[in-house]
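Enquirer: Each chain is listed here by its residues.
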Amino acid sequence: MQFKLPLFPEQASKIAPQVDALYLFLVLVTTFFSLLVALLILFFAIKYKKAPGRKAEQIHGSTLLEIIWTVIPLGISMVIFLWGAAVYFHIERPPANAMQVYGVGKQWMWKFEYPGGQREINSLHVPTGRPVKITLISQDVIHDLFIPAFRVKNDVLPSRYTSVWFEATQPGTYHLFCSQYCGTKHSGMIGEVTVMKPEEFESWLESGKAEGSMAANGEKLFQQFGCTTCHRPDSGARGPNLEGLYGRPVRLQDDRVIVADDNYIRESILNPNAKIVSGFQPIMPTFQGVVSEEGLLQIIAYIKSMGEQQGQPLNNRSTPTQIRDSEVPNIQQQMKQNSKQKPSGKQP
Amino acid sequence: MSTAITAVQPQVMPAKHYLNDNYGIRSWLLTKDHKRIAVLYLISITFFFFIGGLFAAMIRLELLTPAGDLFQSDTYNKLFTMHGINMIFFFLIPSVPAVLGNFVLPIMVGAKDLAFPKINLMSWYLYIGGALFSLATMVSGGVDTGWTFYTPLSSGFVRTHVILMAVGILIVGFSSIFTGLNFIVTVHRMRCPGMTWGRLPLFVWSNYAASLIMVLGTPVLAITLILLALERGFHIGIFDPALGGDPVLFQHMFWFYSHPAVYIMILPGMGVISEIITCFSRKRVFGYFFVAFSSIAIAVFGFVVWAHHMFVAGVSVYSAMVFSLLSFAVAIPSAVKVFNWTATMYKGEVSFETPMLYAIGFIGLFTIGGLTGLFLAALGTDVHIHDTYFVIAHFHYVMVGGMVMAYIGGLHFWWPKMTGRTYPEGWAKLAALITFIGFNLTFFPQFILGYLGMPRRYHSYPEEFQVLNVLSSAGASVLAVGFILPLIYLLWSMRYGEVAGPNPWKATGLEWETSSPPPTHNFEMTPVVTTEPYAYGDEEGTVVP
Ligand SMILES: [Cu+2]
Ligand SMILES: [Cu+2]
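Going line by line, the protein sequences match chains H and U.
Number 235 in numbering that gives the first Met the number 0 belongs to position 236 of the first sequence; there are no gaps in the numbering.
Number 407 in numbering that gives the first Met the number 0 belongs to position 408 of the second sequence; there are no gaps in the numbering.
Treat the hints as calculated values from the structure; they're not laboratory data.
It is possible that some hints are incorrect.
Simulated coverage check for chain H against chain U, where a stretch passes if three residues somewhere in it have a Cβ under 8 Å from a Cβ of chain U [unchecked claim]:
1) 37-45
2) 90-103
Which residues of chain U face chain H? A partial, calculated answer using Cβ under 7 Å [unchecked claim]:
3) Phe327
4) Met344
5) Gly347
6) Asp386
7) Gly452
8) Leu470
Built from N, CA and C at the ideal position, the CB exists for glycine as well.
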């Protein structure tokens, strides 16, 4: 048995000291009130111990005291609430420039893939000084990615992407746990996070170079599954052109406008009829059970890269479906008319 | 009101009471007497408490070493699942309401029985029915979903008897719905002359509040379990995304019941504490109205905080904020109660009989349990400690440090009323002390473990967590002694205990004005209430110092 008795996990991310500060404040509040109650009880127990000749003084209560001990705890808890919410916003919102890593959880292992195509199992390498965002999906049940040294965790759902982000500060190796009970080997679904200096990380990435980047592999799948038969940039295409789709608003048949993020694209592939793009027929077949979770991530990486490569401005989009927010009001009418006709290539 | 004169004379058992009114197994199994039904419940939940405790002991044994070497992973997973299910559904939820509430609530309001005696008996049969399903599940291999049954793990992946167990919980759920219904109607319709709402004992108020939750919340659990069974049995897609469902929907539905269920468990316990503190301080409760009203506030707020179990389950940041805010709000009425109990001791005549020791233990441990809830309600810290041992420690402080202490305290308090005899005070004090020490030793280290990052439901764990786990297991063995002792001496006292007399604590309240044990119809004549509750001091004039 190791006779270590630490009270805190290591602080290895930028957010860790902030979480710990709030935690310490809470420890302070808890200690104060617990001691207050305990000492009062002890004091009353000794001072007002039953003794012959002394009678209890009957007091009915005091509205003033009731107000005081309602308002003060309320005030303190509002401080904790606001502080907690501020830290949470930080934890939940990845910065735009974060380095992307993709993670797939399955009973009972973690698989990670980098945009360059490098892959790892139950092990994750990240650089210091750079925000890293891990987009997560589960292949089966709900898991949860938890890195105590970074003070972050998030459930890994089988139905949609969630994410965890952090900026590591201390090189070293740290625990990575699954903290949502997921069946037999839940406690074996653990791994290691290795934090490296940026240069070391770059050379690590270099050494792990795979056959192709995620986007390149995604392109292969795109061909293989015949997506190209419908999704082509030309005018005769039966499906919308996907170039530049990522991150743009999309108008749906029911006139809702939705931003095309990872989850939207995933849903479009697995459950195409859930949200029909305005101006198109619901002819796309489902790929549920056909494309693996890793494959989906690669296809998404490919769709993402399509826009970047072309660098196309939005009004060159060849479908009537993707629109700029500012365009929404004036083209509303036009869209309605269009949607009655068959989709027809380029828009004037 | 009983006077001091009776206290000096040796007490004699009443000639006729509910225990000797009738003999034979039929007279028990077909009884409509709320007191006998309470005794039936007492026996059955005690059985489940010790079964659940046995599972806990096995869990703590396994966690002595980092490696998962004592049990197989699947076995371990079944152990913590069955521990949770037994303790929550078959012990904690019925504990105070179905045993103590059943026994004293009708007497407290001056009624002959609950409003629906036959339904009351049916509640117990439903409990037993559910319990048989639970036992059948255990015997045929158990379940390994965790007591939370999260989907799609439970609906599509595990290969244990989920449906069997779900049916058991469904049935026992109806038992608590009927108990709640019975209490609500009794409090509304069966109060004796003079027993106004403002004179109801706080135990009645808190059981009333808990009953509201039982009636309104439990059906949601029933629906959730039925949907789960439909998906598992007939592949109807509700929660499993592979079938077109949404796994997070399950969590919303499950916690919509299971968070309020926390209050089903703790509110009646709080009622016990109010009774005990006033009695052993010989004082009116401080702020009667605020203590009574805070029970209702807890019941209402308790329904709108469920998503605080889901801050990292992919809910939007804004809904997380709302649920965090509401969770802080629900903490306030509990704090108000703690302050009022403490203030009740102020300028009282405090004495330290066993029930009081448990009550004081309750206040201390519940305060810690409640305050550590703030760590989990605060979004920033919850992300880190969610699903770790911190959560385990937190809810055991509330459920065991709070609720079980209140239940055992209440059992000692009303034991003379239930059996007509007193328990051995020395042994009882010792047991209370052992429980308190053992409890803290078991669960305090788990707060630290949790912050260090040890996830819950781990069969094996990294080596650096061992010291704290060993401490916790050591504490558990002390705690076990604290729980087994009362079982022994309470049984012993039924035969050898001193005869208690109608009011051994010289407490106020209608239940102390009838004989111990009470007659089958509780009172010789329908009582009439003329004083406010907890009118301590009024009778004191007759005491010769
Ligand atoms: Cu897991
Ligand atoms: Cu809750």
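Enquirer: Give a verdict on every hint.
Expert: Hints versus structure:
For the stretch 37-45 of chain H, the assignment as covered by chain U holds, since 5 residues bring a beta-carbon within under 8 Å of that chain's beta-carbons and 3 suffice. With 3 residues bearing a CB less than 8 Å from a CB of chain U, the stretch 90-103 of chain H meets the requirement of three and the coverage assertion stands. Nearest Cβ of chain H to the Cβ of Phe327/U: about 4 Å, under the 7 Å cut. The hint holds. Given the 7 Å rule on beta carbons, the hint for Met344/U holds: about 4 Å separates it from the nearest Cβ of chain H.
Taken as an interface hint, Gly347/U checks out: its beta carbon lies about 5 Å from the nearest beta carbon of chain H, inside 7 Å. Residue-level restraint check for Asp386/U holds (minimum Cβ-Cβ distance to chain H is 4 Å; threshold 7 Å). Using the Cβ-Cβ criterion of 7 Å, the hint placing Gly452/U at the interface with chain H is satisfied: the shortest such distance is roughly 3 Å. About 9 Å separates the beta-carbon of Leu470/U from the nearest beta-carbon of chain H, more than 7 Å, and the hint is not met.
Comparing the model with each earlier hint shows a violation of hint 8 alone; every other hint is respected.
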